[in-house]
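Peer 1: Protein chains in written order, with the numbering used here: chain L, 351 to 650; chain S, 39 to 331.
Calculated directly from the structure, the hints in this document are not laboratory data.
Do not take every clue at face value.
[Claimed, not checked] Derived Cβ-Cβ restraints for the label pairs, each shown as a range:
1) L:Thr574 - S:Ala316: 37 to 47 Å
2) S:Asn214 - L:Phe515: 24 to 34 Å
3) S:Gln129 - L:Lys513: 43 to 53 Å
[Said to hold, decoys possible] Over the 10 Å line for every Cβ pair with chain S, so calculated as not near, a few chain L residues:
4) Pro407
5) Glu447
6) Ala484
7) Leu493
8) Phe515
9) Asn545
10) Ile623
11) Glu648
12) Ser649
[To be verified] No more than 20 Å apart at the CA atoms, straight line, and that leaves these computed lysine to aspartate or glutamate pairs for EDC-like:
13) L:Lys432 - L:Glu509
14) S:Lys69 - L:Asp473
15) S:Lys69 - L:Glu626
16) L:Lys402 - L:Asp473
17) S:Lys128 - L:Asp473
18) S:Lys69 - L:Asp508
C-beta atoms are modelled at their ideal positions from N, C-alpha and C, and glycine is treated no differently.
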Amino acid sequence: MSNYQLSLIMLACISVISVSGVFAMTSLAGMFSLGQAAYMSICAYLTFCLAKYLDLPVMLTAVVGLAASGLVALIISLPALKLRRDYFALLSVGFGEMISSIVILLGKWTNASIGFSRIPKVDNLVLVILGITALVLFMVRNLKRSRFGRMCIALKTDEIAAKSFGIDVYRLKIKIYVIASMIAAVAGICYGLRNRVISPDAFDWSLSAEMQILLFFGGTNSLTGSVISAAALKILPEFLKGVSFFGVSLQDCKTIIYCALIIVIINFRTKGIMGEHELSLAPLVKLARKAGARRAKESK
Amino acid sequence: MSLQLLISGISLGSVYALIAVGFAIVFSVLKFSNFAHGGMISACAYIGYYFQRSFPSTPPIYVTILFSALCGVALSFLVDFIAYRRLRAKQAPNIYYFLASITVSIAIVQILSVFYGNNLYAYPAIFESTTFFIGSIRFSTIDTLILLVSLAMLAVLIYLIDKTRVGLAIRAVAINAQTSKLMGINSGFIIVAVFAIAGVLAGVSGVLLGLKYSIYPTLGSQMMLKGFIASVIGGLGSLSGAIAAAIILGVVEIFLTYYLGSLSTPIILFGVMLVFLAVRPEGIAGRFAKDKV
Numbered sequence: 351m352s353n354y355q356l357s358l359i360m361l362a363c364i365s366v367i368s369v370s371g372v373f374a375m376t377s378l379a380g381m382f383s384l385g386q387a388a389y390m391s392i393c394a395y396l397t398f399c400l401a402k403y404l405d406l407p408v409m410l411t412a413v414v415g416l417a418a419s420g421l422v423a424l425i426i427s428l429p430a431l432k433l434r435r436d437y438f439a440l441l442s443v444g445f446g447e448m449i450s451s452i453v454i455l456l457g458k459w460t461n462a463s464i465g466f467s468r469i470p471k472v473d474n475l476v477l478v479i480l481g482i483t484a485l486v487l488f489m490v491r492n493l494k495r496s497r498f499g500r501m502c503i504a505l506k507t508d509e510i511a512a513k514s515f516g517i518d519v520y521r522l523k524i525k526i527y528v529i530a531s532m533i534a535a536v537a538g539i540c541y542g543l544r545n546r547v548i549s550p551d552a553f554d555w556s557l558s559a560e561m562q563i564l565l566f567f568g569g570t571n572s573l574t575g576s577v578i579s580a581a582a583l584k585i586l587p588e589f590l591k592g593v594s595f596f597g598v599s600l601q602d603c604k605t606i607i608y609c610a611l612i613i614v615i616i617n618f619r620t621k622g623i624m625g626e627h628e629l630s631l632a633p634l635v636k637l638a639r640k641a642g643a644r645r646a647k648e649s650k
Numbered sequence: 039m040s041l042q043l044l045i046s047g048i049s050l051g052s053v054y055a056l057i058a059v060g061f062a063i064v065f066s067v068l069k070f071s072n073f074a075h076g077g078m079i080s081a082c083a084y085i086g087y088y089f090q091r092s093f094p095s096t097p098p099i100y101v102t103i104l105f106s107a108l109c110g111v112a113l114s115f116l117v118d119f120i121a122y123r124r125l126r127a128k129q130a131p132n133i134y135y136f137l138a139s140i141t142v143s144i145a146i147v148q149i150l151s152v153f154y155g156n157n158l159y160a161y162p163a164i165f166e167s168t169t170f171f172i173g174s175i176r177f178s179t180i181d182t183l184i185l186l187v188s189l190a191m192l193a194v195l196i197y198l199i200d201k202t203r204v205g206l207a208i209r210a211v212a213i214n215a216q217t218s219k220l221m222g223i224n225s226g227f228i229i230v231a232v233f234a235i236a237g238v239l240a241g242v243s244g245v246l247l248g249l250k251y252s253i254y255p256t257l258g259s260q261m262m263l264k265g266f267i268a269s270v271i272g273g274l275g276s277l278s279g280a281i282a283a284a285i286i287l288g289v290v291e292i293f294l295t296y297y298l299g300s301l302s303t304p305i306i307l308f309g310v311m312l313v314f315l316a317v318r319p320e321g322i323a324g325r326f327a328k329d330k331v
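Can you make the complete structure from the sequences, with help from the hints?
Peer 2: Next up, the structure:
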């Protein structure tokens, strides 16, 4: 495959990782955050700056970066998660702004708005990123099916009812927020490895909003739906390159088109394209079994 | 010098107050954070700019503000028509309103940046001199104008909410929509009224912000964040609390920017807000605390 196709695959994978993090938070626990890109930023900067200035291997600094993002998420969530859901979301925008200010403030090391580009090259990056994506998806899928995930869904459906069943809502919210933030942090590392340059502008709140939009587009409660929409909608604009409409390039308008799509979806099919359905192999397996049984009968 | 900073801070704070109130009034009735308010502010700032530029001689500023406010109302109705009307009919959960409003906000910002670019535009100068003196103290003309306009707006708004029948109805719906409907309040009309007020506030604050800063697509979203911080610190649902907090915020921001530079200001402001939420989540005014937590 050409480099261009490989880079598209990586783009889709990064989008899938970040959306699955948001899935854990929004679809399972019903929390809405517009600051997830900030965790991408924290982790990416920590990982690559430490690797550069302390001459450590990226693998090691990535662990430090992940731990640090988790810690920041914990500190932020302690006061913030006491709030109503939409207050929390607005607060997270402020958090994102704060992180990009800090990055610019530390311009001596992070190279401020120009972007930090001294990122080591990794061989076979596509395979690495595909592996990470598969791992993250597997984890999130298990999370949804576990007791923990069911507790989260109860919390999302009715917070007071969940409380009355003995679920410690506040602690649960903090846990899921930290998990979601660390998944976002993984996406941040992958982003850095793919683009080889990170800048504070790349991680502003519109990126966080984009994750939420991709999630809701595919279906709020469907992991497969959101994964498909994350990959498809991210790659689709690449095919709009060079197409222009009334003298405006459609590539420039991609966000406007997204927004129009999402408004239509919210208004006419509120639960997203896939709704609550999950794509799975189960119907196929059933069909195969039926066919097998029939054949067995016939041979008798 | 510090008196000058104080005046400038109060004038900035009064614009924040306009934004906080426009944001809070939709919240109090419809119970969702109207993120689209930020996009509307940006759009109104551009409308005001092109309105001023479209005449050979610059029209007086109050005409621009009036025109922009009217456009704000129209825009507000349009946003309601496109994004919220069907959700309301379906009685969809809050999170969908919220998502719709964010989407509208992003769409407006993107439309502005695709068609007008990310350049900064400055409003044409409306005064011959940028400063004037009273005694030996120098005042900035723009800051004083902004202060006067926003204080006047806030006074009208407080009168409207506290003294008129419409205001009474809005307060009733804010406290309990179901009961007030049973009492014969036309909730459809109240929602229209609330969007109209929010539109006027977005229009006015857009032009005022454009006069103070240059205009760019994300102007409104950034400023709305400050308005939001103010309404959190002030305690949402309390008009006077939000206004007081907004003015304090403006003053603190101007002083911080002067002494520490503009980069560390958002960090400190956000830190203050986090501490405030941890210590006193009900805000300064402390009313409607249950609603927020």
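Peer 1: All the hints need checking, so say for each whether the structure fits it.
Peer 2: Taking the hints in turn, this is what the structure says about them:
Between Thr574 of chain L and Ala316 of chain S, the C-beta spacing of about 39 Å keeps the proposed range 37 to 47 Å intact. As the Cβ distance of Asn214 of chain S to Phe515 of chain L is approximately 28 Å, the hint placing it in 24 to 34 Å holds. Checked against the hint of 43 to 53 Å, the pair Gln129 of chain S and Lys513 of chain L fails, with Cβ atoms roughly 24 Å apart. Listed as outside the interface, Pro407 of chain L is consistent with that label: its C-beta sits roughly 31 Å from the nearest C-beta of chain S, beyond the 10 Å cut-off.
Once the 10 Å rule is applied to beta carbons, Glu447 of chain L is inconsistent with being away from chain S; the minimum gap is 5 Å. Residue-level check passed: Ala484 of chain L sits 29 Å from the nearest beta carbon of chain S, beyond 10 Å. Every Cβ of chain S is farther than 10 Å from the Cβ of Leu493 of chain L; the closest lies at roughly 20 Å, confirming the non-interface assignment. No Cβ of chain S comes within 10 Å of the Cβ of Phe515 of chain L; the nearest lies about 20 Å off, and the non-interface call holds.
The claim that Asn545 of chain L is not at the interface with chain S holds, since no C-beta of that chain comes within 10 Å of its own (minimum 21 Å). Distance check on Ile623 of chain L: its Cβ is at least 15 Å (rounded) from any Cβ of chain S, clearing the 10 Å threshold; non-interface status holds. For Glu648 of chain L, the condition that its CB be more than 10 Å from all CB atoms of chain S holds, with the nearest at approximately 51 Å. The Cβ of Ser649 of chain L lies farther than 10 Å from every Cβ of chain S, with a closest approach of about 54 Å, so its non-interface assignment holds.
Taking the CA atoms of Lys432 of chain L and Glu509 of chain L, the gap is about 12 Å. The hint holds against a cut of 20 Å. The suggested pairing of Lys69 of chain S with Asp473 of chain L is violated, with an alpha-carbon distance near 51 Å, which exceeds 20 Å. A threshold of 20 Å between alpha carbons decides the hint, and for Lys69 of chain S with Glu626 of chain L the separation of about 26 Å lies outside it, so the pair is violated. Under the criterion of a C-alpha separation no larger than 20 Å, the hint pairing Lys402 of chain L with Asp473 of chain L is consistent with the structure, at around 18 Å.
Distance check on the hinted pair: Lys128 of chain S and Asp473 of chain L sit about 52 Å apart at the alpha-carbon level, beyond 20 Å; violated. A threshold of 20 Å between alpha carbons decides the hint, and for Lys69 of chain S with Asp508 of chain L the separation of about 17 Å falls inside it, so the pair holds.
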